[in-house]
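Please work from the sequences and hints to get the whole structure.
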Amino acid sequence: MDLTSLLPELLKGFSNFTPGNGVMILAALALIYLAVFKEIEPVLLLPIGFGCMLANIPLAGMTAAEGMTKVIYDAGIKTELFPLLIFIGVGAMIDFSPLLAQPKMVLLGAAGQFGIFGTLILAIALGFPLNQAASIGVIGAIDGPTSIFVATKLAPELLAPIAVAAYSYMSLIPIIQPPLMRALTTKKERLIKMEYAPKPISKRTLIFFPVAITLVVGLLVPEATPLISMLMLGNLLKVSGVVDRLSNAAQNEIINIATLFLGLAIGSTMSAVSFLNLDTGKIMALGLFAFGLDTVAGLLFGKLMSALSGGKINPLIGAAGISAFPMAGRLAAKMANDEDPDNFILMHAMGANTAGQLGSVIAGGILLSVVSKMMGM
Amino acid sequence: MDLTSLLPELLKGFSNFTPGNGVMILAALALIYLAVFKEIEPVLLLPIGFGCMLANIPLAGMTAAEGMTKVIYDAGIKTELFPLLIFIGVGAMIDFSPLLAQPKMVLLGAAGQFGIFGTLILAIALGFPLNQAASIGVIGAIDGPTSIFVATKLAPELLAPIAVAAYSYMSLIPIIQPPLMRALTTKKERLIKMEYAPKPISKRTLIFFPVAITLVVGLLVPEATPLISMLMLGNLLKVSGVVDRLSNAAQNEIINIATLFLGLAIGSTMSAVSFLNLDTGKIMALGLFAFGLDTVAGLLFGKLMSALSGGKINPLIGAAGISAFPMAGRLAAKMANDEDPDNFILMHAMGANTAGQLGSVIAGGILLSVVSKMMGM
Amino acid sequence: MDLTSLLPELLKGFSNFTPGNGVMILAALALIYLAVFKEIEPVLLLPIGFGCMLANIPLAGMTAAEGMTKVIYDAGIKTELFPLLIFIGVGAMIDFSPLLAQPKMVLLGAAGQFGIFGTLILAIALGFPLNQAASIGVIGAIDGPTSIFVATKLAPELLAPIAVAAYSYMSLIPIIQPPLMRALTTKKERLIKMEYAPKPISKRTLIFFPVAITLVVGLLVPEATPLISMLMLGNLLKVSGVVDRLSNAAQNEIINIATLFLGLAIGSTMSAVSFLNLDTGKIMALGLFAFGLDTVAGLLFGKLMSALSGGKINPLIGAAGISAFPMAGRLAAKMANDEDPDNFILMHAMGANTAGQLGSVIAGGILLSVVSKMMGM
Amino acid sequence: MTTNLILSLQITALGMGLVFGAILLLWLMMVILTAVTAEKESASDSLEVDSVDPSLTLTPSALTPSPSPRGRGEELERVALLAVAMALAEQGGSSARPLEEPPTALVSAWQLGMRTRQMSEKGTMKRR
Amino acid sequence: MTTNLILSLQITALGMGLVFGAILLLWLMMVILTAVTAEKESASDSLEVDSVDPSLTLTPSALTPSPSPRGRGEELERVALLAVAMALAEQGGSSARPLEEPPTALVSAWQLGMRTRQMSEKGTMKRR
Amino acid sequence: MTTNLILSLQITALGMGLVFGAILLLWLMMVILTAVTAEKESASDSLEVDSVDPSLTLTPSALTPSPSPRGRGEELERVALLAVAMALAEQGGSSARPLEEPPTALVSAWQLGMRTRQMSEKGTMKRR
Ligand code: NA
Ligand code: NA
Ligand code: NA
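Protein chains in written order, with this note's numbering: chain A, 1 to 377; chain B, 1 to 377; chain C, 1 to 377; chain D, 1 to 128; chain E, 1 to 128; chain F, 1 to 128.
Subject to a maximum C-alpha distance of 25 Å in a straight line, what follows is the list of computed DSS-like cross-link-like pairs (lysine-lysine):
#, chain 1, residue 1, chain 2, residue 2
1, B, K188, B, K104
2, A, K373, B, K70
3, B, K70, C, K78
4, C, K78, B, K78
If you want the ones that stay clear, here's a sample from chain A, every Cβ over 10 Å from chain B, calculated:
#, residue
5, L7
6, N16
7, F17
8, V23
9, L26
10, L29
11, F37
12, I176
13, P178
14, S274
15, L278
16, F301
17, A307
18, K312
19, N343
No lab work stands behind these hints: they were computed from the structure.
In this text, a Cβ means the ideal position worked out from N, Cα and C, and glycines have one as well.
In structure tokens form, the structure reads like this:
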């Protein structure tokens, strides 16, 4: 045995370390820092950051053909299983009764999707091909699983920056939205109080609702079926009250395991070679733009509804239509309450917020459908 | 871009919707209704119904080559993993001490399998080929995982109607059995009280039992090994008392996740094309026949044992030998108790019931063995 | 139909039963007995024993191409997923603060790995080829997942005896170590009391530690990255305090399911054909040798540190450097306490013990790296 | 590039149109659904909803101050109580809530049955 | 068709014969097993069984009224008590039962050990 | 065989050398890490560690008897108390410990938020 031949072998970790690896490891540490010390979506950004770190340790083999994160990626991301499993759990955590009590709120969930298309236009203008532009636009769905699902279908090569953008900005909602809210609404508008006198929602209605939504959306937008159906399956498991075993499994082990593995697998795609380029920067900027545009469109539509209703609707709830469930809903309610401690619009904001969740999935499916068709995919 | 070319694309959900899809969606809604409002085996019928609904939304792609339910089907049904994982959990929930305290009760578990073979004969007479007839017969095992396991091996194309029949009728036991019980037994027989003076069962016996059963059944009927061994593994995890971690995992996350996915995957095979035919109707009828025949055979054998014992055995416990654990056992005990409030035969009925569980698995394995051999599979 | 042709079919279970199957089933029963009645690592030895039993029931088909344990083996052992998933859970259960409070203890974690290499030498001398000898040596890591991970890479054909040896002897630590401790240390040495005056460890330190370890070990020994990173990921999930959902999933469902399936899959490789040979006996003997040699090396290094420190270090803590977390640490503390009821060295022993855990993973990675390179793998 | 931009504008027009169209249909569906299911409900049924999910958000019927003549202060009091209840519910987690057993005819005789307990474990289920 | 019917009758005869044969062997096995393991048991050992699984069904030794001279009423009383206990056990779920620590020689010194706690968590385990 | 033995000796020398080398680097890293992070810590921060994991092992700052002039007996008393605490912690399992909420600036306004509760469930989380 020639021991000297082993020496380069022993230092291979360092000799294969590129400056790009260094930059990406710093990025990974930043993600972990934000997750742990700033609590920015820790359940996702911590695994993503850790996965990114592993992907940039040279020769570690985690992302190689038979490496662990590759196995997980193939099992759960490529098959699109993880975002769908997460949606089962999310569905079991959503309460649609505020929306059912005031069905017209559902309109706000449509307006809050404009950011998707506005960002798509901008991304096209910046030179992205259609499939990538659409994937970037869907950051404006402001809903992690929807963004991941659509990006996996249309442009898997952009999955990592899209997921990072979607989840990072998600937690920055309390920083992104308030300035826009104040800029676009008058104090008078923010002071509008809203009556809350809905008819009671029966358990029967709550049970029929997820089934009806699955059928209607499934027939209207077949491409949205996987997402909407798993969200509604989770909701049905919960509201039915007869399968608590399954509902609890969806809200706990299924979503926890899927989330951990999803994060690790997405992070592991962040190798220096594939992540460190101008596109990533553009995507992060476009993502922020999408969040802002969604909020603006939601607020403007809120103002329109307010005007049409003769000032009975507080336009702030328009900002809750972007999805980002449930933070955007609470933020809108908090803004109104900050202006006037006697003003409570939480129920209306939550109605708009769950509508935004539905609207995001529908818009994602429509985008997928239109773009797939156009590209002959 | 020619937008008019997109219009048919937009209505594709409706234009591809067939009357068959409509019928199957109604069937799906009926299953969900029974599961939720009538609580008929909700943990299985709700996911099956939901999966059926998804399979009949045109172009949703859930059942396509890379669709979610197809991925789950391939991972857990084709590999037969799900019914076996469910059996680990079921095994951890069964208590064999009533059976061990009165070993002769085990005979009732053999008689209660006659429905399997009687139904097979009838299915052959109705024109089903041997492999399908055997799969239909195994509905008479009156045990979900056994039915699914055998059908997957012999006739996977009939999996959905067989699973639906097995689980639907399972919950109808309290409606199916009592008339037969009253018709086939005299009041005098139903009034028979049974002494319960077993020798105490040691923990050591309870631990050796699952191991011994696995070995004996495994050597006698190798084809039954997967089912019986997983049932007994679950039981051993519980009675050993040293691996509560694993026992709890088997009874909770493993069985819950497997059940949810099993239901979804089975439901997703219920597309109109494959489900809507005369065979399905025949199978539902044959399944009901199997349940009845099992009960009749069990009761008649109970009467025989009663006569041979000089009237010391209440023939009602024969009806508990069909499996349908633990409902059939409780039902027999309730019937006796309804006749005479002082008559308690629960322990005997539960012994016969667990014997029925064992007999079902053994009969399933024997059927698999004989039919596989005959068909040269 | 010729029924007589079915008769051999019916007895096939017995006619295919070999004496080797009998021996292996006895071995399986012995493993189950030790697990259940002696509580020797029951969570692993019970599933291993049960899997072994199944592998030796002729024609049961569990280990065949589409058999259940084969499916599980391919999904979790071949991909090396199970030991890594177990490490996520183990990492979430380890507390590194005693080690961080006294960093020099980490040296004991290096000395306790000598058994790996000493056993490798002996295995070579006994005629094992290099890849097998290295796999056998890594029993001396005294850490189940590390042994399984390395053996899967280098010599999967020896996985079963290596896993059985690793876990069996693990529980025999309280029998293996004390005689060596008494033989190699003087009473005066065992009476040495150790000051425990560490600086407090901040939460920030505990959070940075797993990240730093992953990076340092990953760059130094890329082959150790999968093991060390998953151990550290689990630890980070716990100490970060912001992802209790994921931390709990790692410590419960993930580790429980992986452990059950790992045991079953490993046990299922113990067919008579592949297990019953002289090599298995040699491996069991070599494994015991590895445990002893590790302990001796650890103790001698402890004596060296004791002498160099002027008698301020109790050499017993050297025996805790072998890994076998946390039993070896407690045993060393107990020995000192038995000699003098006033002597408490638990914190030092646990520091050495966690160092042993790190050292084991590092040594496993180094061995993998060197041997892979030499064999041109 | 220009053709692409025009394309993207078309996609936007089409996409937003379809989103609004789908949402309008959902609105219609919800109105019909609530109308249809409401008329089949008794008062007691609708009360059940209150406890369906206290931990996720306020339930409608709990708030119903509506066009009542009661003072604003009273309403606020109730809202404050609700906020406290919400916070508590969030602390407690969803498993702690008292899920009432839905009354069903067929299975009620079998509520004690093990299968029911084992396979659906509703109501007093403690585990997770 | 007729040959198929004859075939199916043969399968039935063979199948039911085999089922009864296998079950008879199981009967034999159970008799032997209970005989063999019983003689190795002390009285205290067998008592343990009582708590092995109170939630699933009545345990034999708990019922042992048997050829006792006690009145039928007393026996029934006990049965009634058991019914209540069963119902309670079913409510409580299996995780609530007090699983006693099986006494073992070898590991007893290590009962406090973390590995034992972490890897097998018996006895007072609370989780789920 | 002899060449193989020589090879194995070489592997041993190389392997143990590398193990010690790596461990020495880890030692260095740990010294640097504790030094760097310690200087950024306030006293109150370091106290938090005490409760990070009471169930797994003794925490350092809880023992700090150190070069104190206190009597040996007092120290032993504390150690005994710790042993009891440890045993209790081991019985209770890790889920019982009171994990204090780490104070953070950004999210604190959203601590009540459902997403936080649902997706990270820290602190008083009861489940498992
Ligand atoms: Na949105
Ligand atoms: Na049966
Ligand atoms: Na070691």
